[in-house]
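Please arrange chain Y on chain R, whose structure you already have, making use of the hints.
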Amino acid sequence: MSRLRRREALWFYLFASPWIIGFLVFLLGPMIASIYISLTDWDSFTPPKWVGLQNYTRLLTDDPVFWKALWNTFYYAAISVPLGLVIGLWLANLLNKQVRARKVFRTLIYLPTLVPLVATAMIFKMVLAPSGPLNDVLNIFGIPGPSWLLEAVWVKPALILLSVWGAGGATVLLLAAMKGIPRELYEAAEVDGASRIRQFWSITIPQLTPIIFFNLIMGLIGAFQVFSQVYILTKGGPNNASQTMVPLLFDQAFSFYKMGYASAISWMLFLVILGFTLLAFRTARRWVFYETEVK
Amino acid sequence: MATVISAAAPGQQERTRSRERVVGVFRATPFSYATLILVSAVLCVPLVFVVSIALSSDQTVNANTFTILPREFHWENFTRVFGTELPMQRFLLNSMIISAGAVLGQVLSSGLVGYAFARLRAPGKNALFIVVIATMMIPSQITMIPQFILFKDLGWVNTYLPLIVPNFFSNAFNVFLVRQFVSRLPSEIDEAAMVDGLGFFGIYRRIMLPMLAPVLIAIGIFTLTATWGDFMGPLIYLNDESKMPLALGVQYITSTSQALQAPPWNLVMVGSILLTLPMILVYYLGQRYLYEMDISGGSAGVK
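As given, the protein sequences belong to chains R and Y, one line each in that order. With the first letter of the first sequence counted as 1, position 7 gets the number 7 in the UniProt record's numbering; the numbers rise by one all the way through. With the first letter of the second sequence counted as 1, position 224 gets the number 224 in the UniProt record's numbering; the numbers rise by one all the way through.
Next comes chain R alone, as it looks inside the complex:
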C-alpha cells in the first residue's frame, strides 16, 4: 500500500472511530452480555446463577402471559400496520389531486404525528374515557360506547385507533413519492381509456411499491416494539388483554428484577422481528417494483 493510501486508511478509522467504539461498547458487548444473562437467573444485585436454557423453556412452555403478550403483539401489528398504510395511501391520493389549500390539509393531517407519544397517550386517556368525546359521538348514533381501556374486548382496538391517528406520517412520504411518478404514464393510460380506479391500481400503486415496502418494514419493526402507549394507558390490563412484548420485558427487568428472564424475552422479540422482516423481504421480490432494477 502506498503511503498516501495508508494515511487515508488511518484517517478512515479515525473518522469512523465514534461509530466503531459505540458499536463495541453499546451494541456488540451488550449483545454478548445479553445472551449470557439470558442463560442465568439474575436480580442484578447478587451474582448471576447459571440456569442454561431454563428461561427459554419456561417462556415457551410455562408462561401463559408471554403467549398472550406474543399474540397481542401480533394482533396489534397485523391490524395497525396495514390499516395505517391503507389510510395513508388513501389520504395521499386525495392530497395528490388539484386541491385548493392543499398545504393546510397536509399540515392538519400531519399534525397528530408531531405530538409526542406520551402526550398522545394522555390525550387518548381522555378521548377514550367512558364519558369522553368518542363515546359522545357514538351516542349521537344511538350506540352505547364501551369503557374502551377497561374491557378486554375493546382495549386492543383502542390502541389500534391511537396508532391510526398518526397515519399522517406515512401520508407525507407516500405523497412525496406520488409526485415523483412521471405524468406521462397517466397521460398514456388516459389515451388508452383506462378509468381512474384502473390508473390508481396499475400505475400509482406499482410505482409506490418501494416506499410502501419501506413503510411496511419500518411499521412492523415499530409495532412489535410498542411500549409507551400500553405502559401509560393500560399497563397491559385488563387481565393482560393489552399486554405486549416490550412492556412485559420492561416489567420483568425493572419492576421484578428478573434480568435473565427479561433478556430471554428480548431475544424472542428479536427472533420474531427478524422472522417477519425476512418474510417481508422474501415476498418483496414478487410485488415490489424498482425502476432501476435490471434482473
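I should point out that these hints are in silico values taken from the structure, not numbers from a laboratory. Computed from a prediction, not measured in an experiment: that's the story for all the values here. Incorrect hints may appear among the rest.
Said to hold, decoys possible - As a list, the in silico BS3-like pairs of lysine-lysine whose alpha-carbon atoms are at most 27 Å apart:
id, chain 1, residue 1, chain 2, residue 2
1, R, K125, Y, K243
2, R, K235, Y, K243
3, R, K68, R, K258
4, Y, K243, Y, K152
5, R, K258, Y, K152
6, R, K235, Y, K125
As the list claims (entries may be wrong) - If you want the ones that stay clear, here's a sample from chain R, every Cβ over 10 Å from chain Y, calculated:
id, residue
7, W19
8, I37
9, A78
10, V86
Ideal placement from N, C-alpha and C gives every residue a C-beta, glycine not left out.
Showing chain Y alone in chain R's frame:
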C-alpha cells in the same frame, strides 16, 4: 426518484393547472373536498379537546365535565402550571439539557462517520458497512438490560449521562443517511481540495461540513424529536423528580395523584401542549431541510 418537494412543487403545480382538462385523475371533486375536510376535522378533534381541557377550571376537572369545544378560558392555567408543586420549569429545563446534548452528539459524530464511509478508502471498510446496515435490524431492547448494568456500574444512574453520552457515538441510521448524501456529491470537489494541499480533516471541516448542512439539520431534527418525546429512557435511568424531563414529568403527575383524587387534568394538558409545541415549531422551521434531504430516494435504497 425525484421527490425534492420544495423544488418540484411550484413548477409541477403550474403544469397540472394548464393540463387539468387533459388528465382528469388530478382533479379534486366536491366529494374529495368533503372527505378531506371530514378527515382533517376528525384528526384534529383530540387536539381541540386538549386545548379545551387545558383551559378548564379546577371545578370542571373535579366534576369531570369536559367539552370538546372550550367553554371556559382559564388562560392563567398556562402560568399557574409554573407556580404549583409541579416543578414544571425544572422538567422543561431537563428536557432541554438532555435534547441539546443528544443533538450535539449525533450531529458531531454522524457527519464524520458518514463522510468516512462515503469517501475514504480503507481495507475492511465494506465489511464494516455491512455491519452498520445489519445493526439497524437489532431491536434496542436486546441491549437495554446490559446497558443499564453498564451505566449502573459507572454510577451514571439518576444522571443525564446515559441519555446523552451514547449519542456521541452516532448510530447506524444517521451514518447511512450521511453516507447516501455524500455519495451524491461530485468527488471532484474533494480531489481539487486535496490538490490544493488540504488534509482529510481539512477537507471535511472546510469543504464537506458546510455542504452537509441540510442532512445534519435533518439529523438534528430527528434526534430532537426522538429525545424530546422519549419516555422509556428516562423511565429506566431517572428516579428523582427534579431530574425528569417533561415527557416523564407529565405522566408522573397523573400517576402520583392521590387515590380518589382526580389528576389535575387541566395542568396535565397544559404540560402536553408544552411538550407538543416545540415539535410543531421545529417541523415548521425544518420541513425545508427534511424534504431537501430527499428522504424517499435515500430510504428506497434500503432494499
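Right, here's what the structure says about each hint:
1. Our distance criterion of 27 Å between C-alpha atoms is met by R/K125 and Y/K243, whose separation comes to about 25 Å.
2. Restraint check for R/K235 and Y/K243: the C-alpha separation of about 24 Å stays at or below 27 Å, so the hint holds.
3. At roughly 19 Å between alpha-carbon atoms, R/K68 and R/K258 fall within 27 Å of each other, so this suggested pair holds.
4. Of the pairs offered as hints, the one joining Y/K243 and Y/K152 holds, with about 16 Å between alpha carbons and a cut-off of 27 Å not exceeded.
5. A distance of roughly 16 Å separates the Cα atoms of R/K258 and Y/K152; the hinted pair therefore holds under the 27 Å criterion.
6. The straight-line distance between the Cα atoms of R/K235 and Y/K125 is roughly 45 Å, outside the 27 Å bound, and the hint therefore fails.
7. A beta-carbon of chain Y comes within 10 Å of the beta-carbon of R/W19; the shortest separation is about 4 Å.
8. Listed as a non-interface residue, R/I37 fails to keep its Cβ farther than 10 Å from every Cβ of chain Y; the least gap is roughly 6 Å.
9. R/A78, annotated as away from the interface, keeps every beta carbon of chain Y farther than 10 Å; the closest lies near 18 Å.
10. For R/V86, the non-interface assignment is confirmed: its Cβ lies about 13 Å from the closest Cβ of chain Y, beyond the 10 Å cut-off.
The earlier numbered hints that this structure contradicts are 6, 7, 8.
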